[in-house]
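Visitor: Taking the hints into account, I'd like the entire structure generated from these sequences.
Protein sequences appear in the order of chains A and B.
Numbering-wise (this note's numbering), the first sequence opens with residue 1 and increments by one.
Numbering-wise (this note's numbering), the second sequence opens with residue 352 and increments by one.
Check each hint, because a few of them may be wrong.
Beyond 12 Å from chain A on every Cβ pair, some chain B residues (computed) [said to hold, decoys possible]:
{"hint": "1", "residue": "422"}
{"hint": "2", "residue": "445"}
{"hint": "3", "residue": "454"}
{"hint": "4", "residue": "477"}
Reference excerpt, derived from the structure (chain B facing chain A, CB under 10 Å, subset only) [unchecked claim]:
{"hint": "5", "residue": "377"}
{"hint": "6", "residue": "381"}
{"hint": "7", "residue": "394"}
{"hint": "8", "residue": "397"}
{"hint": "9", "residue": "398"}
{"hint": "10", "residue": "432"}
{"hint": "11", "residue": "436"}
{"hint": "12", "residue": "438"}
{"hint": "13", "residue": "469"}
{"hint": "14", "residue": "470"}
{"hint": "15", "residue": "476"}
{"hint": "16", "residue": "478"}
The hints are simulated quantities; they were obtained by calculation from the structure and are not laboratory data.
Beta carbons are placed, not taken as given, at the ideal position from N, Cα and C, and that holds for glycine.
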Amino acid sequence: MNGVTASSRLLDESVRRTDCWRRPLNGPSSPRGLNKEWMHFCVALPRDGHLLVNLNVAENGWQGHGQRGPRLIALAWQQRWWGTLTSFPDQDVTGLAGDLDVRLGANRLIWKNRTFHLSLRTTDIAAELELEPRMLPTLATSTSLGGSHGLNWVVLPRLIANGWVRIGSSPRQDVENAVAYHDHNWGDFRWGSDLSWEWGYVHARPSEAPWSLVVMRLAGGGGHRTVSQALLVWRGGTLVRIFHNGEVSFRGEGSAFARRLFTIPPVARLLRTGTHCGVPARFEAHAAALGDSLTLQFEPCDGARIALPSEADPLRVVVLNETCGRARVKGQVAGETFSFGASSMMEFVRG
Amino acid sequence: VVDRSSRRFGAYLRRSLRLLSRDSPFHFAAARRAAGGMAAVVHIDGEPPIAVQLERPPFVARGDVGAVRVDVSLATLDALLSAEIAIDDAIDDESLRLRGEADALSDCLDALHAWVHGAMRCPSLGHLHARYVARRSTGPTPSPPT
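Guide: This is the structure we're talking about:
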């Protein structure tokens, strides 16, 4: 789709239908008690910074059936990390299945006028942002994780963000025409079961080229057995190429961050986790098929850890390593040859 | 107030252990099993020590008998609980000093880990922890250890 303006009604309908919450955010658990769902946003901030916001709900598959647990993760990086993971009681949460709008305490996400309106009021981060998609969302993709578990996702790789953000005690910063990323995931699985992933995006600067990339690899807990992998390429608002499974190969070299990382929730830092986090110092994806090819290299410069309770082992955690760094992309896709460097974020989930 | 630091931390720890035993009996049992009946004595800023044991409530009380001795400042303790420093780093730079038999020290850390895993799974402990950390600068008036 080239030209969102001309297809604004289509965009509105597509986002409402594909990106809506699949279950209510609060209330009793689903029959299986394993449901997870989250909306994930990343926004480029001034001074090469990044904002990551994840509105999510999880059912606790270890303690059995009970209530759904809505949470908000808000992380910001500007030469260092700030952030919190906050849980909310039922009465502070609104969000219905089939809707996009959600309220978590004083934090809100509203879809209105073909734009996400994100309001954040956490201890460390406040923001008012309007996030306007520049293309249609992908169709929902479903990946079986075995044992009737599965993960579904929709992605909107490029949005334009405007508004402001305040981090820590620093003054309010304007966000003007910043690039942003959004995905939405849902499914039934246990954190800490046989599952890990690498997931990230790259935006070429609008002045350089109109390319956007999303790369993902779902694997077993040890990372040695690939379940599903893909590299998606957009030119402007058009999804021009999906490299599937065998058309993509990944390689990680070395170990990033020989130091302890910023971790939320803070109490998790009392665990003696050491300094090895499972993030490679250099991550590469190579894709080639039917005359198209692409190489993505990513080198993380900093990372933060989100520690989630394992549902497979009550004395373990699952670590979501959120990293920011530099990406280099070279490729030949849809008849065009391109090369660019960009700031990027990648997530490395290790069980 | 000569023992403000240990009273504040003791009150927090006692409440957290009560919540853990109520809201996550599995993790409380794991912590108690790891502790194996021993007590740890915590000295904060040279104030009268508090003893922590998991066999019976109130779990935290004034006392100076235990298999493990912990010496720490309130500033270090607050930095640890606020995640500003890691426990390994505090041990390495001796701002947190642990004394005792190796097995007792290992069991003590295992009990701490079980408590942390419980805290991560119980919203009530998470809220208590957040309140303690938020009030560290203002120093709320604690209820005294019994």
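Visitor: At a threshold of 10 Å, is the proposed contact between residue 397 (chain B) and chain A supported by beta-carbon distances?
Guide: violated, 24 Å
Visitor: Let me know if the C-beta of residue 478 (chain B) comes in closer than 10 Å to any C-beta of chain A, holds or violated.
Guide: holds, 8 Å
Visitor: Taking 12 Å as the cut and beta carbons as the points, is residue 445 (chain B) off the interface with chain A?
Guide: holds, 17 Å
Visitor: Does the interface hint hold: is residue 394 (chain B) within less than 10 Å of chain A, judged Cβ to Cβ?
Guide: It is violated, given that the least Cβ distance between residue 394 (chain B) and chain A is near 19 Å, above 10 Å.
Visitor: Verify the interface restraint on residue 470 (chain B): the C-beta must sit less than 10 Å from at least one C-beta of chain A.
Guide: holds, 5 Å
Visitor: Does the nearest C-beta of chain A fall within a distance shorter than 10 Å of the C-beta of residue 381 (chain B)?
Guide: OK, holds: residue 381 (chain B) within 10 Å of chain A, min 7 Å.
Visitor: Minimum C-beta separation from residue 477 (chain B) to chain A exceeding 12 Å: can you confirm that?
Guide: Its Cβ does come within 12 Å of chain A, the nearest being 6 Å, so this is violated.
Visitor: Non-interface claim for residue 422 (chain B): all C-beta distances to chain A beyond 12 Å?
Guide: holds, 18 Å
Visitor: Any CB of chain A closer than 10 Å to the CB of residue 436 (chain B)?
Guide: holds, 8 Å
Visitor: Does the interface hint hold: is residue 432 (chain B) within less than 10 Å of chain A, judged Cβ to Cβ?
Guide: holds, 7 Å
Visitor: Would you settle whether the hint for residue 469 (chain B) is holds or violated, based on the nearest Cβ-Cβ distance to chain A being less than 10 Å?
Guide: Constraint on residue 469 (chain B) satisfied, holds at 8 Å.
Visitor: Holds or violated: is the Cβ of residue 476 (chain B) closer than 10 Å to a Cβ in chain A?
Guide: holds, 8 Å
When each numbered hint is compared with the structure, violations occur for hints 4, 7, 8 and 9.
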